[in-house]
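Note that the protein sequences, when read in sequence, are chains D and R. According to the numbering used here, numbering within the first sequence proceeds without interruption in unit steps and concludes at 1179. According to the numbering used here, numbering within the second sequence proceeds without interruption in unit steps and concludes at 1179.
Quick caveat, the hints were computed from the structure, so don't treat them as lab data. Some hints could be false.
The list treats identical chains as one, so a pair stands whether inside a single copy or across any two.
What the hints assert, rightly or not - The calculated lysine-lysine pairs, modelled on DSS-like cross-linking and capped at a C-alpha distance of 25 Å, are:
#1 K1172 - K1090
#2 K1002 - K1172
#3 K1090 - K977
#4 K1157 - K1002
#5 K1090 - K1157
#6 K1157 - K977
#7 K977 - K1002
#8 K977 - K1153
#9 K1153 - K1002
#10 K1157 - K1172
#11 K1002 - K1090
#12 K977 - K1068
#13 K1068 - K1157
#14 K1002 - K1068
#15 K1090 - K1153
From a predicted model like this one, the values you see are computed outputs, not experimental measurements.
Residues per chain are reported as follows:
Number of protein chains: 2
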Amino acid sequence: MKLTFSPASPFARKVRIAAIELGLIDKIEFVPTAVAPGQPNDDYSRITPVKKLPVLILDNGDVILDSYVIVEYLDELAGGGKLIPASGATRWKVKSDHSLLQGMLDSMLLCRYEKMVRPEPLRWQAWADDHWNRAWNGMARFENQPDMLSRPLDIAQIALACVLGYADFRFADCGWRKAYPKLDAFHERMLSRPSVKISVPPPA
Amino acid sequence: MKLTFSPASPFARKVRIAAIELGLIDKIEFVPTAVAPGQPNDDYSRITPVKKLPVLILDNGDVILDSYVIVEYLDELAGGGKLIPASGATRWKVKSDHSLLQGMLDSMLLCRYEKMVRPEPLRWQAWADDHWNRAWNGMARFENQPDMLSRPLDIAQIALACVLGYADFRFADCGWRKAYPKLDAFHERMLSRPSVKISVPPPA
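Given these sequences and hints, build the entire structure.
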């Protein structure tokens, strides 16, 4: 299997951590891939028209996306019910937490594009503020949700580590550690896992 | 159960169609909800910090998101394997098709915000073009994928109907019917379902 990958993508990082935790990392070849908003990439458009990272390309050529579905696929390959509970109320809790975190990451990327990629005279502060607030309010939600911070490893916890790592990577001065001390402690515990530690984004 | 809803949201439409097809529509109370980019909505932020439509609020207060996870939840309530195949290669095909369509919708909304909502002097043509091309190239992918257009009803087909309906709603002059005649025929067939017909967005 091949995974389109960039060390800067929090979505690709999530899949990488999951693949390590599921014992499947050795079956995946990483294909370095770069996409930039506002710029065509015809080669990658042919693989996935929405041009998002990552996608998983199976040996028969089938393409699996998005990052969440890839983790579901890998989880099933590993026997099922490992990072996504197979049944019960926890299943929907983990899935919904993950969707919220996915939306937070989407908003953080939109905020970064607005503040750092878009031509400077075209920036709209209200848009950047709105998307930053979505991520920031999402962090507050998890700060006050003790079960999320203490239950066995799941895909939502991995996504939360990726959100916090992305905050360090692209919004280094945002002050999340001071505002959210329980998330800080959670993040430190997550960093004790080699999968999380090895995948920290390189300095921006 | 309560569903936050707007007739203009293609994500809410997808859930509405799925709920009708699964025979669960009578169990869901629609809660009219309005969100606008760049504008706070504190009440809705308390329900879901990322402020996206729709979310499903269960009778015990649990909140399920996003639209895809809601459909998975409803599908399971209806017995499972109805709109999302329960196993096999088709399962990953339908899920990946759906993720692609979800990304296309995200791009269409970003394109609309750029061209119609953002203050006019702050618009960036390359960004709008990039996101429109993602949706347009995605339509081309499905135009050339006959199995998608003929297999039994699934969540990806519902999402494709929502993509095409959203193109009519917000990009009425884009010419998708002429460019993609097989999608046009598919869309006409989908409109023969009451669930699809009743949920067509109102005139913009």
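Hint by hint, here is what the structure shows:
With identical chains, the CA atoms of K1172 and K1090 are never at most 25 Å apart, being 28 Å at best within one copy and 41 Å at best between copies. In the homo-oligomer, the alpha carbons of K1002 and K1172 lie at most 25 Å apart inside one protomer (20 Å), although the nearest pairing across protomers, at 46 Å, exceeds that limit. Taking identical chains as interchangeable, the C-alpha atoms of K1090 and K977 are never at most 25 Å apart, the minima being 32 Å within one chain and 36 Å between chains. Taking identical chains as interchangeable, the C-alpha atoms of K1157 and K1002 are never at most 25 Å apart, the minima being 35 Å within one chain and 38 Å between chains.
Taking identical chains as interchangeable, the C-alpha atoms of K1090 and K1157 are never at most 25 Å apart, the minima being 28 Å within one chain and 41 Å between chains. In this assembly of identical chains, K1157 and K977 lie within 25 Å of each other by CA distance neither inside one copy nor across copies; the values are 36 Å within and 32 Å between. Taking the shortest alpha-carbon separations for K977 and K1002, only the intra-copy value of 8 Å comes in at or below 25 Å, while the best inter-copy value is 43 Å. When the C-alpha separation of K977 and K1153 is checked against a cutoff of 25 Å, the pair qualifies neither within a copy, at 39 Å, nor between copies, at 36 Å.
Within a single copy, K1153 and K1002 get their C-alpha atoms no closer than 39 Å, and across copies no closer than 44 Å, so neither meets the 25 Å cut-off. When the C-alpha separation of K1157 and K1172 is checked against a cutoff of 25 Å, the pair qualifies only within one copy, where the shortest distance is 19 Å, while the shortest distance between copies is 48 Å. Taking CA atoms no more than 25 Å apart as the test, K1002 paired with K1090 passes in neither setting, with 38 Å inside one copy and 43 Å between copies. Taking the shortest Cα distances, K977 and K1068 sit within 25 Å of each other only across copies (17 Å), while inside one copy they are farther apart (30 Å).
Only within a single protomer do K1068 and K1157 lie at most 25 Å apart by alpha-carbon distance; the minimum there is 20 Å, versus 39 Å between protomers. Taking the closest pair of Cα atoms, K1002 and K1068 come within 25 Å of each other only across two copies (21 Å); inside a single copy the shortest separation is 30 Å, beyond that limit. Taking the shortest alpha-carbon separations for K1090 and K1153, only the intra-copy value of 23 Å comes in at or below 25 Å, while the best inter-copy value is 38 Å.
The structure shown violates the earlier hints numbered 1, 3, 4, 5, 6, 8, 9 and 11.
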